[in-house]
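Engineer: Spelled out, the chains give:
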Amino acid sequence: MEENLVLITFCFYLIAALICLALLWYKKHTLEKLGILCTIIGFILLNIVLIYRSLLAGRLPGSNLYEFLLLFAWGMSATYLFIMIRYKLQNSGVFILPLIIGVLGCAALFSSKIQPLMPALQSPWLKFHVSVAMIGYSVFAVSFALALMSLLKVPVMLSHHKSLDDLIYGCNALGFSFLTLVIITGAIWAEQAWGTWWSWDPKETASLITWLVYGFYLHLRHTSLWSSKAGAILSCLGFFAVLFTLMGITLMVPGLHSYI
Amino acid sequence: MTDKKRETNYGTVLGCGIFLWRLLTSVRIALLLFTILAVVCLPGIFIPQGEDPSFYYHNYGDLMGSLITALDFDQVFNSTWFFVLCLLLFINLLACTIKRWQNYYRCVIKKPSLPAGLHFLGSPFMHTGLLLVLLGAFIGAFYSFEQYCEIAVPGSQGITIGEQRYDLQAVGFDIEHHTDGSPSQYYTDLKLLKDGENLSEKTISVNNPLSYQGLKVYQFNYGWLLDLSLEKDGSSRNFQVKDGDQLALNEEGSEILQLRFYPDWARDAKGRPISRTPQANNPQLAFLRTSGGLPVDIVMLKPQESAELGDGLKITFSGYRNYTGLHVKKDPGVPIVFTGFVFLGCGILLYYLISSKRGRKGE
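So the protein sequences, as listed, match chains A and B. Here our numbering is used: the first residue of the first sequence is 323, the next is one more, and so on. Here our numbering is used: the first residue of the second sequence is 132, the next is one more, and so on.
Computed spacing ranges between beta-carbons, pair by pair: (1) B:D428 x A:E325: 50 to 58 Å; (2) A:G427 x B:S449: 52 to 60 Å; (3) B:A400 x A:L377: 35 to 43 Å; (4) A:G427 x B:D374: 40 to 48 Å.
Simulated pairs of lysine-lysine, DSSO-like, Cα-Cα distance not exceeding 30 Å: (5) B:K461 x A:K449; (6) B:K461 x B:K325; (7) B:K461 x B:K322; (8) B:K445 x B:K373; (9) A:K410 x A:K475; (10) B:K401 x A:K435; (11) A:K410 x A:K551; (12) B:K333 x A:K449; (13) B:K461 x B:K333; (14) A:K475 x A:K551; (15) B:K373 x B:K363; (16) B:K461 x A:K525; (17) A:K551 x B:K230; (18) A:K449 x B:K347; (19) A:K525 x B:K347.
Keep in mind the hints are simulated off the structure, nothing from the lab. All residues carry an ideal CB built from backbone N, CA and C; glycine is no exception.
Model the full assembly from the supplied sequences, consistent with the hints where possible.
Structural biologist: Rendered as structure tokens:
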């Protein structure tokens, strides 16, 4: 049941992405509306998957990589829809939807079995730590897509008198704040569970690197070295650091954080 | 003449000092430090940390092995150069924080406009928070106390922190299981004593440590302790070993007895010994005797059973009990770090919850 639902969700996002791609050449208002409709249906289905799974497990999802990737896709869709509705940002679907499809595809590679929580994960901090991570990473993903648009010089129409640069900055600043909260909640939790608030575990170190990359971005903006190209490149680099922290570390390096 | 010379000397020293201070406290140096720190974290992730030097020579070759150990890449986060980098970041951050409070004072306090004023407190708050986190980390690095101890249940162990001597007494130990048999929680009934006086008492578990005036005791792991006695030529000796330990039977160490405890002994489909559950339902102790690295004999004993090992040596498995692995820690930096977290959180809230636009419109 759950696997089929994820598959159908995946298909809706795929159709939405193809429509967005077609929109680059055939500007049709009805086609654009169909694209957004497909995204909204995909998003609703993803909500159903997450609620179904929460009811089945008796807790909120987010305790292994499969559940987190579903949440990640959910967060990206929500951010994308928000930006579409608020800023009427055309063409962005071509870059954001493939990310959502990729994340959903990755989720299918991991075990979707509902497992009981190991002792270290049994803490009220789990909810906070995972949900702020989901928001932060989703915003970074959208900033990555926007940065690609900026680097590839995709024509952009924006309402609210904002430039693409401002939007990327807004995403990165918000993502950075949430990443800071991820690290804080993680540190408080680690102090309770492992006895140290910071133990240089590979995942902690990788999230510190991510934090430094976005910190670099935010400070660079206040110097004369700033250019929108440098900002876009840093946003891409930051998102690679996010992906490395989320997937690379869990799969490649053994450590305290290996919850597959 | 000499006075003048001295003055110019003093002037250049002061000039150099100001130059150095400006350099150390500039945003560009902050950017440089961010880059260096991010790059040096990479070996900390990819090279296993804190292993024996021979490990690096064996796995990375002689050249890379010597480079790794010489550059402290085997202990990046404990190295002197990493500490110096953090110290430079601290100085830079300190100057930056002071500047931000000065700016805030100049721009907001002198021209008050409340909502925007609170919004612009976000950045100074975040920088102050970060400063406190780094300060707490330094204090923790130099003044924290840490000890791992394994206590037989029931049993106790003394701990000395500075001039204070405490006793940790483990009264009981319990494991709870999920329906699939995997452990759901470990519990130790623990007492913290000083000179026989009970200071604190708590059933600790993972995520729920005992805490007494900054001293914290964490549930870390658990295992089995085995009571054995060896008899030779009429004399006998009682001792305790941990599950998985080895015993040397002769002085050269060529005759070895390996121990493996099965709390719920059974055989799997292929006939291999396994423990069906972690509970002691059918306890059996396996001895594997090796001579010069080669297996010689396997003996299985139930509690109170004995076995002859040859040469007039007799071993008795007298009993078993749990030990609880506890992590004892006292880190005076933690309250400072957590205060820093509060500042960081408040900074983020002020920055996002209070819009700067409202203030600007008001101006």
